[in-house]
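Given next are the chains, with one letter for each unit.
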Amino acid sequence: MKMSDSISSDEVKHVANLARLRLTSEELEIFTEQLGAVLDHAKDVEALKLDDVEPMSHPLPIENTMREDIPSPMLKPSDFLSEAPVVEGGRFLVPKILGEES
Amino acid sequence: MNQVIFKDNWELIVGLEVHVELATQTKLFCGCLNQFGNEPNTNVCPVCLGLPGSLPVVNQKAVYFAMRLGRALHCSVNRSVFARKNYFYPDMPKDYQITQYDLPTNLEGYLELPSGKTIGIERAHIEEDTGKTTHIGTSGRISGADYSLVDYNRAGIPLIEIVSKPEIRTIEQAKSYVSELRSIILALEISDAKMEEGSIRVDANVSVREVGENNLRTRCEIKNVNSLKSLGRAINYEANRHISLYGNGESPRQETRHWDESAGRTRTGRSKEDAEDYRYFTEPDLVPLNPSEETITKIDQEMPELPSKRRKDLANLTGAKSSDVALLVERNHDAFIFDVIEGGGVPEQVVKHMVNNLSAGLGELSTEAFAQLTQMENKSEITSTQAKKILGELVKSGGTPAELATELGFEAIGTKEIENLVDQLINDHSDEWERFCLGDSKVQGFFVGQVMKSTSGQADGKVINQILNERSIDNK
Amino acid sequence: MSGMVPEQYQSASEIAELVATGEVSAIEILERYLNQIQEYEKDVHAFNLVTINEARAVAQETDKLIARGVTIGPLAGVPVAIKDNLCTKGITTTASSKILESWKPPYDATVVKKLKEAGATIVGKTNLDEFAMGSSTENSAFGPTRNPHDISCVPGGSSGGSAAAVAAGFVPIAIGSDTGGSIRQPAALCGVVGVKPTYGGVSRYGLLAFASSLDQVGPFATSVKDAAIVHEVIGGYDPLDSTSIKQAPESFLDMFDKGINELKVGVISELMGGIDGVTHEVIEQTNKAVSALSNAGAIVEEVSLPAALYCLSAYYLIAPAEASSNLSRYDGVRYGLRVEGANLNEMNVNTRTEGFGDEVKRRIMLGTYALSAGYYDAYYGKALKVRRLLAENFADLYKDYDVLLSPTSPCTAFKLGAKVNDPMMMYVNDVCTIPSNLVGHPAISIPFGSGKDGMPIGVQILAPPMKEPVMYQVAHALEKASQ
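Residue numbers (the numbering used here), protein chains in the order written: chain A, 1 to 102; chain B, 1 to 476; chain C, 1 to 483.
Some hints could be false.
[To be verified] So the derived list for chain C, only partly shown, Cβ under 8 Å to chain A, looks like this: (1) S294; (2) S313; (3) V333; (4) L344; (5) Y379.
Note that these hints are calculated values from the structure, not bench results. Where a beta carbon is used, it is the ideal one built from N, C-alpha and C, also for glycine.
When you get a sec, could you build the whole thing from the sequences and use the hints?
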C-alpha cells in the first residue's frame, strides 16, 4: 500500500499522545498508513461546493430541551466505589500528577 | 484618552475571567444536589460521575440565571450551543468539560464601576464545574504529592464564566470590577458569591505595555486568587515581573501562572504540550438553547434595580457616605430605607441604625415604628443608647417605640434638668470649666461623664454637648 | 447451511399471547430457548454473558403474576437478548472491550427498563465489535461471533451477537444499536429483520456512546410485526435524554395491513451500482424486491441522492470525532481496567493502550486528528456540511416519495478474517446504511432471498423522520412478497 501524504507519522504520534495512547514503532507505521487511507478517501469531499452550506451537528432540529431544577435520587457510594480501581476514604485515588506546577 | 500610568512609562492591561457558582438546587446536567461540604462522593449520580451511557440534561434554572446575569450586564442573549472542551484530567469525570464555545448565551455587554467607568464584557457563558482533587503527601502541594484523591461532589455544579475585555487599567479598577460584579450577582440572587469559599473565582489576564503603544503584549493568566486583596497583590506582582523582564531585554511567555499567597508571587502553571488543543466541538448530547423574544422580555421585566442605580438613589435620598451606601444596597436594605424615610424617618439616624445596629436583619421592625423611633431620637426624647435598646425590642417582637420607651422606663431626661445639672457642675468645677472654655476638649468628656453619672446614663449626650457649647459661648 | 437455524421461528407476539393467557408458562418458553442456546452457542458465540439464573427468576415471577391475574405487558415472557453496550443494573456490561471487562453498572438503560416493564425476560448480553466499532463483530475483545447460516462467515456488525442470536433461534427478540448500520447490516447478513428508529425516537440513556449524534437503539426480530411491537415498547420520550423527541409517535401497527397501493417508493440509484462495491447479486435481488412492491401496487421509481457518494467520507470523520471524545472517560480512574504507572499520565496511557483494541484506537486517533486545531475545518467542519447537503437531498426526495429503498449491505456475509486488515474495505460495508444515521431518519432491513452462496440478502426501506408507520407498512408488504 502506498504511503499517504494526508498524515505523517509525527502527526499520528502527536494525536496518540493527545488521546493517551502509546504506539510501538510497528503500530505507528501501520496506523499512519491506515489513517492516511481514510483521510485520502475523505478528500473526495473537496469536489463539493460547501462554502455556503451550514454545518449540521444535530440530526434533528430539536431545541430548548431542559429539566426543572428538582433533585433526583443520587447513588450510594457503595453503588460505584466497588467498581473503582483504587479508592481511599471514599475518594478515587490517582497516581501523582506531573507537570502541573514548578 | 486619559491614560493611567502604572509605573514609570508602563501601562497596566488587565482582563478578568470570573467564574460564579450558581445557587441552583441541583447540578447543571443532573438532579444531584448542588451543595457544599458533604461527605466525598455522596452528591453524585451516573451523569456527574461520567458513567458510561449517562447523558446530560440541562437545568432550566441555571439557564435562566445565566440569561438574567447577561441582561444585567447589558449583553445580548443569543441562541447558544454547548460544546465539549477535551482534555484529560481526573477531576473531570468525562475527561471533557461541557461548556459553551463559539455560540455562548451572552455576548457583548458592559459593567459600570461605582466610579462611573465602564468595562466591556466579551461574553458570559454557562459551563460545568469540575470535581475536587486533593494532593496527598508531605508538602500538600501538587508537585510534592505522592498521590491524589478525587471527590466529584462539585463536578457538574453550574458555573457562569464572565469574561471582561482587557479594559481594566488599575488594580483599584480590577477590585472594583469584581466587587461590583459581586453586588450585581447578589442583587440577582443567582449565587451566594463568596470568594473565600470559591463560589466566585477570579482569573486575571495581565500584561503591560508602554504608554502610547496600541498593541497588546503577551499576557499571563493568573489563577488561584482567593480574595480581592490577593487579586491586587497578584496583578501588582505580575505586572512588575513583566516590566522587569522587558527591562532586561526579555519577554514573558504566554502561560497560566498560579498565585502563591504566602510567597507573594506567581508561579508557572500547567505546561503540558497539548494543553492548548482542546478540540472543541458541539456537544451532541445536548440541543441548542434558543430563548424566545418573550423569554428575554420577561427576564428584563423581572430585573431588579441594579446596585449602581440603587446606590445613586440611596445616596441622593440620605446623603450617606459611599461605603455606607454600598453596604446597605448589598444588604438589600435600600427599599426599606426608602419606606422609612417616606414615612417620616430622619435620614441621618436611619442610616446610622441600619449600618450599625441592623446588620443581623430587620425582624419584626416596621417602617412606621422605625420612623417614629428616629424622630424621638432626633427630638432628644430618648438618647441614642435608649434608641438602640428600643430598636432591639422592635426587631425582636415589634411594637411601637413610644410604648416601649415607657415600658422600659426611658422617660427622657428633660433639657431643663440637664441644664441645671450642667450649671451645677460649672459652679463646682470652675478650673475645669476655664480649661474647657479655652478649648481643651479633653475636659469635655469629664463634664459629659459627670452628667451621665448623675442621670444613670439616661441623659442624651448630644444635648449635654449642646448645652456645654452654649454655656461656653455665653462665657466669652 | 448448518442445521442450527430453525426451519421456522415462533413470533414474539405469539409467545406473549400464549404466556399472557396462561397457555404456556414463561419458564417453559425460556427453557426452550435456553436449550437452543445450550446446543449451539459454542459454535456461534452470540453472547458475552447468558444470565440463566436471573432469567429463570424473572420468568417464574412472570408466571406467578399471571397466575394471580395481573396483566403483563406486550412482551410477557418473551426472551430478549441485549447488546452488551446497553447498561444492565448489576449485570456486567462490557461493550466487548477489555477496558470494561467486568464493569457492573449501577443503573439500567431506559430501553432495558422499558423491556422489563413490558414483561420481557432478559436472557443475556450479546457480543459486538468493541464499542460498536466495526461491521463484522470480529473486533470483540472476547472473540468473534459467527453467522448461524455458515459459521465460517461473519454475522456482520457491530450488533453481530444480537443478529446471530435471533437468527440461531436463541431468542425471538434482541436489541442492538445502530450508528452507521450496526443493526441493519448484521440483520441483512443473518437473515432477520432489523430496525434503526428515528434519531430521538428511542432513548439513548444507558447506551455506551460511540457517536452520540448518530447512535440509535433498535430491535432485531424474525418478523416486521415483532420489530414494530418491540419498537413501540422501547420507544417514546425519555426526559433523561435531551435529544429524545417529545412528540408521541403514531402507532406503528395502524397502517400495517393497509397494503401499499399508490404509495410512492424511490429506489436510490447511487446505491444500486452508482457506488463501487455493491455486488451484482445484491443489486439483482434488490431489483426483485422492487418488482414485488410494484406488483403489490406501489409506484416505484429510480431516484438520485447525490450526496450519498460522500456519506462514507463524512461518516468516517464525524463518528470517530465524537467517539474520540466519548471514549476519553475510560482513563482508569473511576471504573473498569486500570494498568498502573509511575504517574497519572502514565497510568492513563498504560490503561488505554492495553484496554482498547486496534479498531478503537484507530478511530480515536482519526477523530482526535479530525478535531484538532489545524484540521477541524478541512475535515470535521466539511463533514458536517456534507451532512446538511444530504439532509437537503432527502428532504427534496420526500416531497415526492413516501419511502426510499436500497440494498442494506453491499454484499452477503463474508468469511472471518477476510477484511480485518483493511479498514477502508471494512468501512465500505456501511455505504448503504450510513445515510440514514447522518440525517437521523428511520430505516429497516428485511430479509429478501439469498445470494449464490446461500447467504441471506437484506433490502432496506428508508423513511422520513417519525414516519415509521409507513416504513413498517411497506416493509410488511415486502415481507409478504418474499414468503
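Each hint, compared with the structure:
Given hint, S294 (chain C) at the interface with chain A, is violated; its Cβ is 31 Å from that chain's nearest Cβ, farther than 8 Å. With a least beta-carbon distance of about 4 Å to chain A, the hint placing S313 (chain C) at the interface is held under the 8 Å criterion. For the restraint placing V333 (chain C) at the interface with chain A, the shortest Cβ-Cβ distance is roughly 6 Å, inside the 8 Å limit, so the hint holds. Given hint, L344 (chain C) at the interface with chain A, holds; its Cβ is 5 Å from that chain's nearest Cβ, closer than 8 Å.
Contact between Y379 (chain C) and chain A, as hinted, is supported at the beta carbon level, the nearest pair being about 6 Å apart and thus within 8 Å.
Violated hints amount to a single one, hint 1; each of the other numbered hints is respected by the structure.
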